[in-house]
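Student: Each chain is listed here by its residues.
There are 2 protein chains.
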Amino acid sequence: MAPELAKLAQQRERLRYEKEEGMITFLCDAGALRPGLTHRTARDIFWMLTGGDVFRMLVRERGWSPQRYQNWLAKTLVHSLLTQARPSPKRLSSRPEARTR
Amino acid sequence: MAPELAKLAQQRERLRYEKEEGMITFLCDAGALRPGLTHRTARDIFWMLTGGDVFRMLVRERGWSPQRYQNWLAKTLVHSLLTQARPSPKRLSSRPEARTR
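So the protein lines, in turn, are chains A and B.
With the working numbering as the guide, the letters of the first sequence map in order to residues 186 to 286.
With the working numbering as the guide, the letters of the second sequence map in order to residues 186 to 286.
Any given hint might turn out to be false.
[Unchecked claim] Derived DSS-like pairs (lysine-lysine); straight-line CA-CA distance at most 27 Å: (1) B:K260 / B:K204; (2) A:K192 / A:K204; (3) B:K260 / A:K260; (4) B:K192 / A:K192; (5) A:K260 / A:K192; (6) B:K192 / B:K204.
Since the hints were derived computationally from the structure, they do not count as laboratory data.
Kindly generate the complete structure, drawing on both the sequences and the hints.
Tutor: The structure is reproduced here in structure tokens:
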């Protein structure tokens, strides 16, 4: 990558990190963050998971469809950042393929 | 990055993906994978999380210590790939700040 492009990419990533602060603050103030997760850590993980690198790895390199990536990302963000308020994993686990048909 | 280096990096990543198959197969055969997670998806996620890009983002760009990254990675791999054999999330979530004071 040309140095000018690398610099642009870095700026874009910094901007993305800055723009995400409000959303994490909102979740934090609402008491929605996972127990023990700080604002800073939540922001770092959100920024990493939603970045272009993870998209590239799963979609371009491993052949996931964009829709599949999107579903995975949504579920992963919830599990990684938020307090757990979903049905017990046990209940979901008994018929793993039932919902995809 | 020079084309030769990019090609080497791609080869290294392919090799890494190939080498990880045995470990995922072991987990799969042992019934340790999360319900609903296929061998292929588990392998893709393992490969993505353990790659150099995630390390670079968290350690070099966001300033995590290698030890902190390692602890996070271990916990994240367990949560992402394995059947849950930890205390009920309900018990942990009722007092979000109690453990950090």
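Student: Each hint needs a verdict: does it hold in this structure or not?
Tutor: Structure-based check of each hint:
no. : hint            : result
1   : B:K260 / B:K204 : holds, 22 Å
2   : A:K192 / A:K204 : holds, 18 Å
3   : B:K260 / A:K260 : holds, 17 Å
4   : B:K192 / A:K192 : holds, 23 Å
5   : A:K260 / A:K192 : violated, 32 Å
6   : B:K192 / B:K204 : holds, 18 Å
Consistency note: the structure conflicts with earlier hint 5 alone.
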